[in-house]
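So the chains spell out like this:
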Amino acid sequence: ETGVTQTPRHLVMGMTNKKSLKCEQHLGHNAMYWYKQSAKKPLELMFVYSLEERVENNSVPSRFSPECPNSSHLFLHLHTLQPEDSALYLCASSQDLRHEQFFGPGTRLTVL
Amino acid sequence: AQSVSQHNHHVILSEAASLELGCNYSYGGTVNLFWYVQYPGQHLQLLLKYFSGDPLVKGIKGFEAEFIKSKFSFNLRKPSVQWSDTAEYFCAVNRDNAGNMLTFGGGTRLMVKP
Chain A
1 ETGVTQTPRH
11 LVMGMTNKKS
21 LKCEQHLGHN
31 AMYWYKQSAK
41 KPLELMFVYS
51 LEERVENNSV
61 PSRFSPECPN
71 SSHLFLHLHT
81 LQPEDSALYL
91 CASSQDLRHE
101 QFFGPGTRLT
111 VL
Chain B
1 AQSVSQHNHH
11 VILSEAASLE
21 LGCNYSYGGT
31 VNLFWYVQYP
41 GQHLQLLLKY
51 FSGDPLVKGI
61 KGFEAEFIKS
71 KFSFNLRKPS
81 VQWSDTAEYF
91 CAVNRDNAGN
101 MLTFGGGTRL
111 MVKP
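Protein sequences appear in the order of chains A and B. Counting along the first sequence from 1, when you hit position 102 you're at 102 in the numbering used here, and nothing is skipped either side. Counting along the second sequence from 1, when you hit position 50 you're at 50 in the numbering used here, and nothing is skipped either side.
Don't read these hints as lab results, they were simulated from the structure. Any given hint might turn out to be false.
[As the list claims (entries may be wrong)] Taking lysine to any residue pairs in the SDA-like style, the calculated list, with each CA pair at most 25 Å apart, reads: (1) Lys36/A / Pro83/A; (2) Lys36/A / Ser5/B; (3) Lys40/A / Glu20/B; (4) Lys36/A / Gly41/B.
Model the full assembly from the supplied sequences, consistent with the hints where possible.
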């Protein structure tokens, strides 16, 4: 248990659905991250937030929309996804942008 | 663009064998280097990290890694593996002046036979 929780742990959705992934960190950190882990591809950084402001958006399609309402919570809003978006989505947090990241268990997403 | 290469995708060892997993990166400036491990059914966790100083870094569970700047490498080693080391290992790099934007390697799956 790293102090980073993610819900739901598993999600199956159709291409026309709208869903949200939630991440919460209990570590008092100021930076949070979304990563995508696909089969046979390296872990990819999607978004970075520091002090609730987005500092990085790695050319992620607009069907993924992050939200960071406060330093403890991070959401990833999903709409009109494609089957190739099926993957494990990992959340991480760090004390600030210079310190090591702590990862959550991930949400296994399947898009039908 | 910065990239991280882990050339060994799958490694199978017997218990007590020595381990070395390769990691090479492409960025020429100052970097911070990490090894993460993901045990079956568990989340990614930090094994060790290098920011500066002694290029030989000691981590948890008897792991160590050596930063060789001239070779752009940060190989992970353990003198004697155990069955419980079965996991996937990820090397990650971030540029010192680029915030905490980790670039990960593709991972190496290690299986240790009892």
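Results of checking the hints against the structure:
1. Taking the CA atoms of lysine 36/A and proline 83/A, the gap is about 14 Å. The hint holds against a cut of 25 Å.
2. With a CA separation close to 18 Å, the supplied pair lysine 36/A and serine 5/B stays within the 25 Å bound.
3. Proximity of lysine 40/A to glutamate 20/B is assessed by CA-CA distance (about 22 Å); at most 25 Å being required, the pair is judged to hold.
4. The straight-line distance between the Cα atoms of lysine 36/A and glycine 41/B is roughly 17 Å, inside the 25 Å bound, and the hint therefore holds.
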